[in-house]
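> Listed below are the residues making up each chain.
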Amino acid sequence: MRLAYIRGYVTSTVKHKSFTGARLLIAQPVDQEDNLDGPPQVVVDPLGTGLHEKVIICSDGSWVRNFLNDPKSPARWWIMGIVDEVAGGKAK
Amino acid sequence: MRLATVIGRVTLSERHPALSGERLLVVLPWTAKTFESGKDQDYSIVVYDQLGAGVGNTIGVCESTEATRPFEKPTPVDAYCAAIIDQVFYQPDEPKRG
Chain A
8 MRLAYIRGYV TSTVKHKSFT GARLLIAQPV DQEDNLDGPP QVVVDPLGTG
58 LHEKVIICSD GSWVRNFLND PKSPARWWIM GIVDEVAGGK AK
Chain B
10 MRLATVIGRV TLSERHPALS GERLLVVLPW TAKTFESGKD QDYSIVVYDQ
60 LGAGVGNTIG VCESTEATRP FEKPTPVDAY CAAIIDQVFY QPDEPKRG
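Protein chains in written order, with my numbering: chain A, 8 to 99; chain B, 10 to 107.
Derived by calculation from the structure, the hints in this document are not laboratory data. Be aware that one or more of the hints could be misleading.
What the hints assert, rightly or not - Only pairs whose alpha carbons sit at most 16 Å apart, straight line, appear in this in silico EDC-like list of lysine to aspartate or glutamate:
#1 B:Lys82 with B:Glu31
#2 A:Lys61 with A:Asp91
#3 A:Lys61 with A:Asp44
#4 A:Lys79 with B:Asp87
#5 A:Lys97 with A:Asp38
#6 A:Lys61 with A:Glu92
#7 A:Lys79 with A:Glu92
#8 A:Lys61 with A:Asp38
#9 A:Lys79 with B:Glu81
#10 A:Lys24 with A:Asp77
#11 A:Lys61 with B:Asp87
#12 B:Lys42 with B:Asp102
#13 A:Lys61 with B:Glu103
#14 A:Lys97 with A:Glu60
#15 A:Lys97 with A:Asp67
#16 A:Lys61 with A:Asp77
#17 A:Lys24 with B:Glu81
#18 B:Lys42 with A:Glu92
#19 A:Lys79 with B:Glu103
#20 A:Lys97 with A:Asp52
Stated by the list, open to error - Heads up, incomplete: computed chain A residues facing chain B, CB under 7 Å, no partners named:
#21 Thr18
#22 Ser19
#23 Thr20
#24 Val21
#25 Lys24
#26 Gly28
#27 Ala29
#28 Arg30
#29 Arg83
#30 Met87
#31 Gly88
#32 Ile89
All residues carry an ideal CB built from backbone N, CA and C; glycine is no exception.
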């Protein structure tokens, strides 16, 4: 799981059929001090997350295949939760 | 899934027996900078395509073990073109109000 900020969305007509109806948001992973860390990922959003919210993204493909109701879905990253507060979390 | 720009195609003369009729694209995966500049992509990778993406298209690439999920038979693939992207809305920072 990684901390990330939601920075937008994508739309697609021609796609793997498992993504039909799914919200696909752009999540920018960040480190413990909110520095950008790695390329933005397109994530499946089961929660109805808003723009610029801080979230936890998870790479458990098995859960998201179940959510999309397709065992053949290539989906991997999805939004597991919307962050309230990160207490501490600074590198010593 | 990462976004990527399609820049070419690859064809094979010899292939792993599990592959047949494959369509392989050479793509440049987007970095954080690419979303703002349209440039500064990562080094190229090859992805397996079943959707018919062409040069110049932006696609969504699913990587890692999930890339093999769409196939009926076990197939050696680690990057799969899962979507041809129509529109990207990107706003790095929340606009100031008032």
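> Hints first: check each against the structure and report whether it holds.
For each hint, the structure was consulted:
1. B:Lys82 with B:Glu31: 13 Å, holds
2. A:Lys61 with A:Asp91: 8 Å, holds
3. A:Lys61 with A:Asp44: Given that 16 Å is the threshold and the Cα spacing comes to 14 Å, the pair holds.
4. A:Lys79 with B:Asp87: Holds, at about 15 Å.
5. A:Lys97 with A:Asp38: Since the Cα atoms of Lys97 of chain A and Asp38 of chain A sit roughly 9 Å apart, the hinted pair holds (cutoff 16 Å).
6. A:Lys61 with A:Glu92: Distance of about 9 Å is within 16 Å: holds.
7. A:Lys79 with A:Glu92: Not satisfied, since the Cα-Cα distance of roughly 35 Å exceeds 16 Å.
8. A:Lys61 with A:Asp38: 12 Å, holds
9. A:Lys79 with B:Glu81: 9 Å, holds
10. A:Lys24 with A:Asp77: Satisfied, since the Cα-Cα distance of roughly 9 Å is no more than 16 Å.
11. A:Lys61 with B:Asp87: Judged against 16 Å, a Cα distance of about 29 Å means the pair is violated.
12. B:Lys42 with B:Asp102: Satisfied, since the Cα-Cα distance of roughly 14 Å is no more than 16 Å.
13. A:Lys61 with B:Glu103: 12 Å, holds
14. A:Lys97 with A:Glu60: 20 Å, violated
15. A:Lys97 with A:Asp67: Violated, because 26 Å separates the two Cα atoms, which is more than 16 Å.
16. A:Lys61 with A:Asp77: It is violated: about 28 Å lies between the C-alpha atoms, which goes past 16 Å.
17. A:Lys24 with B:Glu81: The given pair, whose Cα atoms are some 15 Å apart, holds under the 16 Å limit.
18. B:Lys42 with A:Glu92: Judged against 16 Å, a Cα distance of about 27 Å means the pair is violated.
19. A:Lys79 with B:Glu103: Violated, because 36 Å separates the two Cα atoms, which is more than 16 Å.
20. A:Lys97 with A:Asp52: With Cα atoms ~28 Å apart, Lys97 of chain A and Asp52 of chain A exceed 16 Å; violated.
21. Thr18: 5 Å, holds
22. Ser19: 4 Å, holds
23. Thr20: Result: holds, 6 Å to nearest chain B Cβ.
24. Val21: This interface hint holds because 4 Å falls under the 7 Å limit.
25. Lys24: 9 Å, violated
26. Gly28: 13 Å, violated
27. Ala29: 10 Å, violated
28. Arg30: Interface hint status for Arg30 of chain A: violated (12 Å vs cutoff 7 Å).
29. Arg83: Holds - the Cβ of Arg83 of chain A comes within 7 Å of chain B, reaching about 4 Å at its closest.
30. Met87: 16 Å, violated
31. Gly88: 20 Å, violated
32. Ile89: Since chain B brings no Cβ nearer than about 15 Å to Ile89 of chain A, farther than 7 Å, the hint is violated.
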